[in-house]
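*Asks:* These are the residues of each chain, in order.
Number of protein chains: 2
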Amino acid sequence: MELYGYWRSSASYRVRIALHLKQLAFDYKPVHLVKDGGEQKSAEYAKLNPAKLVPTLVDGELELNQSLAIIEYLDSKAGPLLVPEDPKEAAIVRMLALDMACDLQPITNLRVLQYVSGTLDAGDEGRQAWIEHWVSSAFAAFEKRLEKHAGACCVGDEVSLADVCLVPQVYNALRFKIDLSPYPRLLQVYENLQQIDAFQKAQPDQQPDAVL
Amino acid sequence: MELYGYWRSSASYRVRIALHLKQLAFDYKPVHLVKDGGEQKSAEYAKLNPAKLVPTLVDGELELNQSLAIIEYLDSKAGPLLVPEDPKEAAIVRMLALDMACDLQPITNLRVLQYVSGTLDAGDEGRQAWIEHWVSSAFAAFEKRLEKHAGACCVGDEVSLADVCLVPQVYNALRFKIDLSPYPRLLQVYENLQQIDAFQKAQPDQQPDAVL
Numbered sequence: 001m002e003l004y005g006y007w008r009s010s011a012s013y014r015v016r017i018a019l020h021l022k023q024l025a026f027d028y029k030p031v032h033l034v035k036d037g038g039e040q041k042s043a044e045y046a047k048l049n050p051a052k053l054v055p056t057l058v059d060g061e062l063e064l065n066q067s068l069a070i071i072e073y074l075d076s077k078a079g080p081l082l083v084p085e086d087p088k089e090a091a092i093v094r095m096l097a098l099d100m101a102c103d104l105q106p107i108t109n110l111r112v113l114q115y116v117s118g119t120l121d122a123g124d125e126g127r128q129a130w131i132e133h134w135v136s137s138a139f140a141a142f143e144k145r146l147e148k149h150a151g152a153c154c155v156g157d158e159v160s161l162a163d164v165c166l167v168p169q170v171y172n173a174l175r176f177k178i179d180l181s182p183y184p185r186l187l188q189v190y191e192n193l194q195q196i197d198a199f200q201k202a203q204p205d206q207q208p209d210a211v212l
Numbered sequence: 001m002e003l004y005g006y007w008r009s010s011a012s013y014r015v016r017i018a019l020h021l022k023q024l025a026f027d028y029k030p031v032h033l034v035k036d037g038g039e040q041k042s043a044e045y046a047k048l049n050p051a052k053l054v055p056t057l058v059d060g061e062l063e064l065n066q067s068l069a070i071i072e073y074l075d076s077k078a079g080p081l082l083v084p085e086d087p088k089e090a091a092i093v094r095m096l097a098l099d100m101a102c103d104l105q106p107i108t109n110l111r112v113l114q115y116v117s118g119t120l121d122a123g124d125e126g127r128q129a130w131i132e133h134w135v136s137s138a139f140a141a142f143e144k145r146l147e148k149h150a151g152a153c154c155v156g157d158e159v160s161l162a163d164v165c166l167v168p169q170v171y172n173a174l175r176f177k178i179d180l181s182p183y184p185r186l187l188q189v190y191e192n193l194q195q196i197d198a199f200q201k202a203q204p205d206q207q208p209d210a211v212l
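These protein sequence lines are chains A and B, in that order.
Heads up, the first sequence is in full-length UniProt numbering, so the first residue is 1 and it goes up one at a time.
Heads up, the second sequence is in full-length UniProt numbering, so the first residue is 1 and it goes up one at a time.
Fair warning: there could be bad hints in the mix.
Unchecked claim - Just a few of them, taken from the derived set where beta-carbon distance is under 10 Å, the chain A residues facing chain B:
hint, residue
1, Glu72
2, Pro80
3, Ala138
No lab work stands behind these hints, which were simulated from the structure alone.
Don't be surprised by glycine CBs; every beta carbon is placed ideally from N, CA and C.
Model the full structure from these sequences, guided by the hints.
*Replies:* Now the structure itself:
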């Protein structure tokens, strides 16, 4: 399998975590989202993924975008299952995963930040306020959900798709120096997950295209 | 089951389509997103859904937010299946669904539009430009994906989660008077789906809380 991704993209980060948890071999193809206006906008990459976003996973003739669709597909190839088989448990895992992947990540990704700071002329200060607003809103709700569902991980004690989606958003929040002290459970779960080898291997700073 | 939703919320609209396709009975509980600053922000509703968003589905003791998690859960209760069993087909359906539900809807929903037009002071004109930018970007990519995957529906000829996610976004785009002529396949699929009874019953204008 080939994974087209970018070290700092949180959706790419999710897929890397899943691949490492499942110990599936993959060829990592970096797509630089900033250099030369963004390599994801090249004609070659747009042919593979017309949305000009990362990640894209290629598995034989199958070309998949959307990290959550990719990870559910990987569940059919190798364990551990990241979405449980029981429908009620699966629903809770997917719900927490989507809280991060739908209600937070798309609003704070690179292209939206560029529009806010650039096109809308909000500048660096407006961009920071934007990030803080959406992160604090999403994390406050997530902290409440963890009170109901969490153990060592987001849902009980087993690593799931919810964890795979949480960790990259915490990484981003720390990068933008958001105060996370109002979310002690979220931070505790994050720290628990950081102990796991697959989560370490998937970290942005550990990727070959990282610029440190 | 009880569905807390709002007539114009595209995520609520998705769940209504799925419930009607499956002919599952439900009690519709309107949550007015605008009146009195938004009923979703009330203490009572926030207890049920701390993200203060719609929809929320209550099924016995199970309280679920996130429309896609809800619809996959409904797949375990009654047919027709909206996510196919075959892992590759399921991946393509989920990918197209998420193209709408993750890469378009969250960026153009009410709370984000309020921030753009209000907090960022972009006004009605800036809000319209924002919507046009993200809709055209997402629909152009979706049109390409349909070339590869569509039949009468988004993926082949069977109604799937992808269709359930597409229709509310087209409704929104039409509401904001976006020119959809560059997306003929998308419009054709939309028109095919509009012929189906469940899609008609789920339309915003058909809901008891619609303000026409």
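*Asks:* Please check whether Pro80 of chain A passes as an interface residue: C-beta within 10 Å of a C-beta belonging to chain B.
*Replies:* violated (16 Å)
*Asks:* Under 10 Å is the threshold here; is the Cβ of Ala138 of chain A close enough to any Cβ of chain B for the hint to stand?
*Replies:* With Cβ-Cβ at 7 Å, under 10 Å, it holds.
*Asks:* Classify the hint on Glu72 of chain A as holds or violated, based on whether any CB of chain B lies nearer than 10 Å to its CB.
*Replies:* Since chain B brings a Cβ to about 6 Å from Glu72 of chain A, closer than 10 Å, the hint holds.
In terms of the numbered hints stated before, the structure departs from hint 2 and from no other.
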